[in-house]
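Please construct the entire structure, taking both the sequences and the accompanying hints into account.
Residue numbers (this note's numbering), protein chains in the order written: chain X, 1 to 511; chain L, 1001 to 1253.
Warning: the hint list may mix true and false statements.
Claimed, not checked - Dumping the calculated DMTMM-like pairs for lysine to aspartate or glutamate here, alpha-carbon to alpha-carbon at most 25 Å:
no., chain 1, residue 1, chain 2, residue 2
1, L, 1231, X, 140
2, L, 1231, X, 407
3, L, 1163, L, 1057
Said to hold, decoys possible - Every beta carbon over 10 Å from chain X, so not counted as near; a handful from chain L, in silico:
no., residue
4, 1121
5, 1213
6, 1218
It is worth saying that the hints were derived from the structure and are not from the lab.
Predicted model only: the values in this text are computed from it and were never measured.
Built from N, CA and C at the ideal position, the CB exists for glycine as well.
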Amino acid sequence: MNGMRMCGNRWLSSLILCLAIASPALGQERSADGPRLSADWSDLVSGIDIAREMPHGRVMPTQAPLPLYSTGPIPLMAAPTAPPQDKPQFCCDRRYVWATLGEVGILLVVPWYFNRHVADDSTAVLSFDSWKRNIVQGMEWDADAFQTNMWAHPYHGNVYFNAARSNGYNFWQSSAWAWGGSFLWETFGENNRPAINDWAATAIGGIALGESLNRMSRLIWDNSATGFGRTMREFGGFLVNPLGGFSRLVRGEWTKVGANPEDRFPTRSAGDLVLGFRSVGEGGQADASSGGFFAFDYQYGNAFEDFDHPYDAFRFYIQMNGSNEEQSIGQAHLTGSLYGTELKRTEKADHVFHLAQHFDYVNIRSLETGGSSLSATFLSRWKVSDKWSILARAEPSALLIWGVNSEYADFTRRSYDFGSGAGLRLGGQLRKGKWDILDLRYSFFWQHTLNGGVGDHLLHFLSAHARVPIYKAFDIGVTGYYSIRDSYYRDFPDVFRRFPEFRAYATWSFE
Amino acid sequence: MKRGTLRLALAAAGFLAIGLYLAPRADAQDHGNPDSFWRATAYLWFANIDGINHIGDVSVVVGDTSSLHASFAGDVQVGKGRFRGIARFSTTSLANSGPLEGEGVPDGTEVDYDFSWTTAELLAAWQVGRFETGHAFKLSGGLRYVHQKQNLLNGPEPGEATKNWVEPVGGAEYFAEMGGPFWVAVDGSIGGFGIGSQFTWQVGAELGIRVGGPVHLSLSYDYLQTEVGTKDSDYRWDEGVNQGWLFGLMIKQ
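Structural data, given as structure tokens:
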């Protein structure tokens, strides 16, 4: 209990301190360059990270800078010494349950307050009767838009997750907080019946988004940095991981200078910025929709080497579409390793296994689909020669909570059906040096409808990618997609749709 | 205040009181799957049932939006190494009245009914990952036996409809220590696949506290949805839901 009280006191005093902008560390200069990552990088096949062959060492954290201020006696010969450290300067040496509860409480109260008093939303009018009704009636499936249920809710789950993650809880424990926070909101945050789809999508999707954003924000935050650069890093990390940034703020870590955590950097970290043009056909009309797109494709860790912790290896892809689409966020895909192990290693080949978590979101005019799934992921790479290699993956998957378009919105109350089911993701790459000469992917998903038009949806996604290096980190590429949706309804006519897509783009790769 | 609500409130208050009184005296239970393991849990279940049950030419809306119904559930788990055998049992019943629809049934017809829903599961689970951590992740699979009985007490077609079936089920469970005596578990499963029922989907979460020695108390929520029968079946549920709050008394060693 003492520790909890200390935490609470520190929390409050840190908040006041930060609001007063009273940290002396603001005036310090950056004392050391940040660690640099090796030029070596891995690539993915729309899923778990498949590493390049070059050996790669983990980058060590920088040294803590020398203190510029001292609260002790001034020595005659001022030799810079590190301040006494009875405990780590940065969170967390243990779990801070009250701080976590406080932040989750804020995450429940602030949205409710906004809905009730700013948006004047009738669902935010709460009473003991509404709480009792929600407890008694139990859960149902709601009718919110696809973007709300499959993107906004998982993002909200991410902040519950990171409220715990940034206060000393590990990945698995923070996952439980995502479930709990979502459950509390569904039951007590609104006066309509709690939605089972919201609970599941918020928690499971929030875990995936939460840990990946947590890892990315840790790359941005640099405890050893000072001055304007430090401030920019804190704000940058806050944008990526708001709850992590908030926790750092109230603990006074935005201005505190010290060592970075040893596991701050993954074995690999790199990505692509993609700008291009896409043409999406619908029902055989290849010119049905054309426009620009921008994508951010980030790869963290190495699935052939990193097995220690969940999300030591993951891939995060987000795509923004041009004006030809109704939704700006057209696609988001996230795959992270929950558990991994080596299967076999030889001089010429590596085979590994991962239990992987997937979050998928596709919201374009021709198709709404996505959700959360788990897969048993088998990855292999074979070294053909010094320059050439072949990589392959097979991922049988379980769809935990999933959504697919429905033409029968009058019946379902939504433009999509909710369901669960199974899938299979396959991929193969032919690689020369750092470049994927050919990248083939195929995915199949079966969704049985749980809420909506009773029936089954079968989805097939086939794609071929080719990229050619142009100059240093720049390359150009083309991709062809062919997507199939076959929907078999018990009470309505079946629906069969086909969506060809062509893309041409330029890519800048960063490490 | 209705009796069911009162019981729920009393049970919740008792759970919190006992838990908070005993919590500082206990540490969290080791978990995962050590050399040998067993646990037994009895649950007091406050459940509700939702859905439309099609029986022959008529259908009746089943459910109660005004109260929860006291029911019972339990589970026994034994294990060694990564393996664990799991047996689960639950039963709930509901007596209410609801609208009856069907050919030749006048609009606005209400019917009194009894409905009971009993399940028994035999599962084998396998722990994935490491033992020496504060959590455990298990994959499981097995069989679920289901017994449903709908008794229409009056109306144009009074009578009883009983349905029994066995279906495959597979799922996953995650368990984590949360600090001190607290722990949580989240589980989900799918099943049926046209064998027994057409499809089932289940998700649940449990918050537990070790109150001393091998004794734990838990509060959980469980949601099970099932689709039974095809369009032409004499007995059919499209979205039959069995959900509710469970208060558990658990012994585990």
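Status of the stated non-contact between residue 1121 (chain L) and chain X (beta carbon gap over 10 Å):
Given that every Cβ of chain X is farther than 10 Å from that of residue 1121 (chain L), nearest at about 18 Å, it holds.
Would you mind confirming whether the straight-line C-alpha gap from residue 1163 (chain L) to residue 1057 (chain L) stays at or under 25 Å?
holds (16 Å)
Given the proposed pairing of residue 1231 (chain L) with residue 407 (chain X), does the C-alpha separation stay at or below 25 Å?
holds (20 Å)
Quick one: work out the minimum CB distance from residue 1213 (chain L) to chain X and report holds if it exceeds 10 Å, violated otherwise.
holds (22 Å)
Mind verifying the non-interface call on residue 1218 (chain L)? Its CB should be farther than 10 Å from each CB in chain X.
The assertion about residue 1218 (chain L) holds, with a minimum of 13 Å to chain X.
Under the criterion that the straight-line Cα-Cα distance not exceed 25 Å, is the pair residue 1231 (chain L), residue 140 (chain X) satisfied?
Holds, at roughly 23 Å.
The structure agrees with every numbered hint stated previously.
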